[in-house]
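> Listed in order, the protein sequences are those of chains P and A.
Residue numbering for the first sequence follows the numbering used here, starting at 1 and increasing by one per position.
Residue numbering for the second sequence follows the numbering used here, starting at 1 and increasing by one per position.
Errors might be hidden in some of the hints.
Calculated cross-link-like contacts (lysine-lysine; reagent style DSBU-like; alpha-carbon spacing at most 30 Å) [unchecked claim]:
#1 A:89 with A:57
#2 P:160 with A:89
#3 A:115 with P:56
#4 A:74 with P:73
#5 P:69 with A:115
#6 P:160 with A:172
#7 P:73 with A:124
#8 A:115 with P:62
#9 A:124 with P:112
#10 A:115 with P:160
#11 P:73 with A:115
#12 P:82 with A:124
#13 P:69 with A:57
#14 P:62 with A:57
#15 A:89 with P:56
#16 P:62 with A:89
#17 A:124 with P:62
These are calculated hints, taken from the structure and not from any lab test.
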Amino acid sequence: MADDVLFEFLHMEMVYHIYKDQASRGEMDKDRATCVSTLEGMGFRVGQGLIERFTKDSPSFKDDLDVMKFICKDFWINVFRKQIDNLRTNHQGTYVLQDNKFALLTQFSNGKQYLEEAPKYLAYSCGLVRGALSNLGMDCVVTAEVSLMPSCKFQVVIQKI
Amino acid sequence: MLTRLKTQVPLFSMNSYTKLGEKLKLSGLSLASTHSHVIRLGRHNSKMAVCIAVIAKENYPLFIRSVPVQNELKFHYTVHTSLDVVEEKISAVGKAMADQRELYLGLLYPTEDYKVYGYVTNSKVKFVIVVDSSNTSLRDNEIRSMFRKLHNSFTDVMCNPFYNPGDTIQSKAFDSIVSAMMVQAS
Numbered sequence: 001m002a003d004d005v006l007f008e009f010l011h012m013e014m015v016y017h018i019y020k021d022q023a024s025r026g027e028m029d030k031d032r033a034t035c036v037s038t039l040e041g042m043g044f045r046v047g048q049g050l051i052e053r054f055t056k057d058s059p060s061f062k063d064d065l066d067v068m069k070f071i072c073k074d075f076w077i078n079v080f081r082k083q084i085d086n087l088r089t090n091h092q093g094t095y096v097l098q099d100n101k102f103a104l105l106t107q108f109s110n111g112k113q114y115l116e117e118a119p120k121y122l123a124y125s126c127g128l129v130r131g132a133l134s135n136l137g138m139d140c141v142v143t144a145e146v147s148l149m150p151s152c153k154f155q156v157v158i159q160k161i
Numbered sequence: 001m002l003t004r005l006k007t008q009v010p011l012f013s014m015n016s017y018t019k020l021g022e023k024l025k026l027s028g029l030s031l032a033s034t035h036s037h038v039i040r041l042g043r044h045n046s047k048m049a050v051c052i053a054v055i056a057k058e059n060y061p062l063f064i065r066s067v068p069v070q071n072e073l074k075f076h077y078t079v080h081t082s083l084d085v086v087e088e089k090i091s092a093v094g095k096a097m098a099d100q101r102e103l104y105l106g107l108l109y110p111t112e113d114y115k116v117y118g119y120v121t122n123s124k125v126k127f128v129i130v131v132d133s134s135n136t137s138l139r140d141n142e143i144r145s146m147f148r149k150l151h152n153s154f155t156d157v158m159c160n161p162f163y164n165p166g167d168t169i170q171s172k173a174f175d176s177i178v179s180a181m182m183v184q185a186s
């Protein structure tokens, strides 16, 4: 089925387009920060809409951990066709989601090649998770890190006000 | 006025109708219920709300529509007071961990004229439907299906790229779904 790769190609083109746009306008310094926040913003809005659709039929969540489990299983399966491999928490609002074969990074490399380009391609997904959580009532900050492709870790820190 | 004919004694004399009318009178049914245009109204009336509101997570209205338009303030107030009951139900369910937590909240509170039903989504957006108390034929299942339709329509609004979450709902499609569920303005 060709459906899955459609989004992957679109995503690659999106990242390329945003960076090209930025390069033709501003200075080199501001580049990375604004591009990353643009991509993250896109992911945020999409995450909000997606979560509305996915949780339409499921009962309310008991607590934060329940929400994170939903993100790791149902949400990740629907978006990236697999579950999160490892969820760790310190029970004080910080969660680390580890995906050993992240769908958007599999085409890059199997090791450390192209490592410095990886963060651009993770910004959208960070926004996706942040949007999904925000619509469920949890304000948080999501960051991603990659040390060995295609595995990556998303760190979710819940803001308690 | 016409909406009450089904339950009240007809205003015209029975004798001016045919034997069918007499048979119905004997069996206890009101003749008015066989009068064609009253039947039509009667059928519509049983599935209609008087006011529908969508409230955001931060408790301000995203969408509120009511019929008749003259009493709008009263409906706004009714919906506002029902929010307290919604909050109470949400927090009450939280303590009863064993329960399967449902999105449909059921009858929030009945006033002398109206009954108010509530529903909350996973994104903490609340739907409130106000129906006329004289609609005894409106069953729980029908209210649930109305909420289901509302939720589906709201999800579509949410996925619309021209809609910013937190704005009032301007979508015509949503509007038409809501209007279809409300009492026709007489």
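> Taking the earlier hints as the rules, which of them does this structure contradict?
4, 5, 6, 9, 10 and 11
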